[in-house]
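Residue numbers (this note's numbering), protein chains in the order written: chain A, 1 to 254; chain B, 1 to 254.
Everything labelled a hint here was simulated from the structure, so no lab data went into it. There could be a bad hint or two in this list.
Stated by the list, open to error - Facing chain A, from chain B, some residues (calculated, C-beta under 10 Å):
id	residue
1	Cys71
2	Arg73
3	Asn76
4	Gly133
5	Ala139
6	Arg195
Unchecked claim - Estimated spans, in silico, between C-beta atoms of each pair:
id	chain 1	residue 1	chain 2	residue 2	range
7	A	Thr33	B	Pro93	43 to 53 Å
8	A	Arg195	B	Cys52	44 to 54 Å
9	B	Pro93	A	Leu87	21 to 31 Å
10	B	Ser212	A	Gly130	30 to 40 Å
11	B	Asp43	A	Leu87	25 to 35 Å
12	A	Ser112	B	Ser212	26 to 36 Å
13	B	Ser177	A	Cys52	19 to 29 Å
14	B	Asp166	A	Leu213	50 to 60 Å
15	A	Thr13	B	Thr89	42 to 52 Å
16	B	Phe189	A	Asp214	41 to 51 Å
17	B	Thr89	A	Asp131	43 to 53 Å
18	A	Glu193	B	Ala167	22 to 32 Å
As the list claims (entries may be wrong) - Pairs of lysine-lysine, DSSO-like flavour, derived with a Cα cap of 30 Å:
id	chain 1	residue 1	chain 2	residue 2
19	A	Lys221	B	Lys221
20	A	Lys197	A	Lys242
21	A	Lys34	B	Lys165
22	B	Lys202	B	Lys163
23	B	Lys197	B	Lys185
24	B	Lys165	A	Lys198
Cβ coordinates follow ideal geometry from the N, Cα and C atoms, glycine included.
There are 2 protein chains.
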Amino acid sequence: MEVAESNEMTLETVRDSLIRQEDTIIFSLIERTKYPINVGAYDKTKTAVSECSDSLVEFMVKETEAAYAKCGRYENPEEHPFFPDGLPTSLVPAFNYPKILHPAAASINVNSTIWEVYFSQLLPLITVPGDDGNYATSAVSDLACLQALSRRIHYGKFVAEVKFKDAPKKYESAICSQDRDALMKLLTFETVEERVKKRVAKKAMLFGQEVSLDDNYDEKKLKIDPAIVSRLYEEWVMPLTKLVEVEYLLRRLD
Amino acid sequence: MEVAESNEMTLETVRDSLIRQEDTIIFSLIERTKYPINVGAYDKTKTAVSECSDSLVEFMVKETEAAYAKCGRYENPEEHPFFPDGLPTSLVPAFNYPKILHPAAASINVNSTIWEVYFSQLLPLITVPGDDGNYATSAVSDLACLQALSRRIHYGKFVAEVKFKDAPKKYESAICSQDRDALMKLLTFETVEERVKKRVAKKAMLFGQEVSLDDNYDEKKLKIDPAIVSRLYEEWVMPLTKLVEVEYLLRRLD
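Start from the sequences, fold in the hints, and give me the full structure.
Rendered as structure tokens:
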């Protein structure tokens with residue numbers, strides 16, 4: 001058995017990170033449910049920021065990502081901006097991140113799909129209708145959700161790298177023939193996916209409960225529906241992660 | 001009995017908001033524990049951002065708050081910037097927030113104390129020593145904690161207003177004589193505070209647990225020590241909230 005170098009990623013550390021990121025995603029979604037949907041913040045036809053034609057959310061995310069970029073956030077291969085064009089360069093000393101990924105990884109960014117899914121499909125499922133005027137605050141909360149989802153889904157690059165390193169022969173022929181379907185099949189484990197869906201539902205139930213000092217547990221008062229979190233993983237998080245894995249593997253032998 | 005107008009704040013709605021904000025604070029603290037303390041991000045003597053002499057965290061918070069200000073975040077009387085000087089004006093249409101507070105409320109901002117307590121006392125308690133280079137990401141996580149604490153503590157303005165409206169006579173003589181100690185005494189309820197401390201510890205235990213599909217509950221694996229969250233409330237959150245309440249009441253009859 002090989003001894004893992006310190007800092008080396010293994011199937012075990014990758015799995016632990018994915019599980020920990022479930023908490024981050026669920027916390028951020030629960031926080032977003034504090035506000036109504038606030039359509040005005042992201043529907044350009046309802047409000048747009050003066051000086052540009054962006055919706056409030058687009059404007060806020062672009063401005064915030066510019067601030068993050070100056071602080072070097074996107075030097076980290078785990079972080080992906082939603083609006084990568086024209087970001088300012090980092091003003092802080094570069095950190096020497098361990099080189100784990102193939103350089104082609106840098107070209108993979110599915111954030112535009114995540115953005116679309118989040119605003120058009122997920123947000124209406126987790127929020128109540130209405131408009132409380134808290135656009136800036138709910139947009140900040142949207143960005144936290146988007147970042148958590150983006151980090152989890154793009155972590156597929158590391159998942160793919162570790163799987164490839166573990167058994168390169170298994171993937172080589174599908175990569176050489178650029179066979180997406182074959183790769184997708186090799187990356188799909190239904191029993192694992194079922195477990196993930198069950199675990200995130202359980203987390204949503206535990207983290208979204210109303211906690212009081214007496215032990216009355218009121219299921220009606222859950223802040224988020226566990227079935228929606230499970231569906232989020234089934235329909236969007238796991239498929240998009242596998243898409244990132246496939247895109248990465250297709251370039252892995254370049 | 002008076003019927004509450006819609007949108008009117010009552011002791012009940014204020015209490016519900018404070019309880020809900022406990023979740024926000026605990027979620028954000030749990031998230032921050034993912035990274036080591038990363039002293040370099042907030043110690044100016046270790047790193048400073050080129051072009052200015054700010055620490056990375058100061059720089060990031062200033063830039064991010066500027067973005068938020070343009071989106072109108074600080075028009076909301078529940079939100080308080082950490083660096084209020086020279087913030088840009090809002091570019092979005094003003095929202096007509098209900099006028100609940102006395103205008104003097106706008107002059108009360110204890111964020112510099114919150115900043116000091118957070119970095120010098122709380123952060124070393126909840127993080128492990130070390131430096132993983134994830135400065136930008138851990139700074140974003142710091143800001144989430146700071147904002148959650150700031151919102152809760154400044155919510156004291158609403159607490160004080162509702163308590164005053166409920167029984168103005170109770171506070172008038174102490175306000176007229178500008179007697180801080182008397183006001184602090186009127187605002188202190190030890191049994192309530194004990195309940196809050198117990199509840200936040202329980203929440204920290206529930207939200208910080210490692211969730212797995214089998215029912216093995218491993219207490220050693222808690223992400224944050226419930227006793228620290230309880231202490232945070234006892235030593236900082238509740239005293240600072242009461243400080244805000246006192247400051248507000250002192251100006252309430254201006």
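Taking 30 Å as the top limit, are the C-alpha atoms of B/Lys197 and B/Lys185 close enough? holds (19 Å)
Range hint compliance [Cβ, B/Asp43 to A/Leu87, 25 to 35 Å]: Since the Cβ atoms of B/Asp43 and A/Leu87 sit about 26 Å apart, the hinted range of 25 to 35 Å holds.
Looking only at beta-carbon atoms, does the pair B/Phe189, A/Asp214 fall within the given range of 41 to 51 Å? Given range 41 to 51 Å: violated, Cβ gap about 19 Å.
Is A/Lys221 within 30 Å of B/Lys221, Cα to Cα? holds (27 Å)
Status of the B/Ala139 interface restraint (C-beta, 10 Å, chain A): For B/Ala139, the interface hint holds, since the closest Cβ of chain A sits about 7 Å away, which is under 10 Å.
Mind checking the CB of B/Asn76 against every CB in chain A and telling me if the closest is under 10 Å? Check passed: Cβ of B/Asn76 comes within 6 Å of chain A, closer than 10 Å.
Regarding the pair A/Lys34 and B/Lys165, is the alpha-carbon distance no greater than 30 Å? At roughly 26 Å apart (the allowed maximum being 30 Å), B/Lys165 and A/Lys34 satisfy the hint.
Next pair to validate is A/Lys197 with A/Lys242; report whether the Cα-Cα distance is within 30 Å. Satisfied, since the Cα-Cα distance of roughly 15 Å is no more than 30 Å.
Quick one: are B/Ser212 and A/Gly130 within 30 to 40 Å, going by C-beta? holds (37 Å)
Supplied distance hint 44 to 54 Å, evaluated on CB atoms of A/Arg195 and B/Cys52: Because 49 Å falls inside the window, the suggested range holds.
Quick one: are A/Ser112 and B/Ser212 within 26 to 36 Å, going by C-beta? This hint holds: roughly 34 Å between Cβ atoms.
B/Arg195 as chain A interface residue, shortest Cβ-Cβ below 10 Å: OK, holds: B/Arg195 within 10 Å of chain A, min 6 Å.
The structure fails to meet hints 7, 13, 14, 16, 17, 18 and 24 from the earlier list, while all remaining hints are met.
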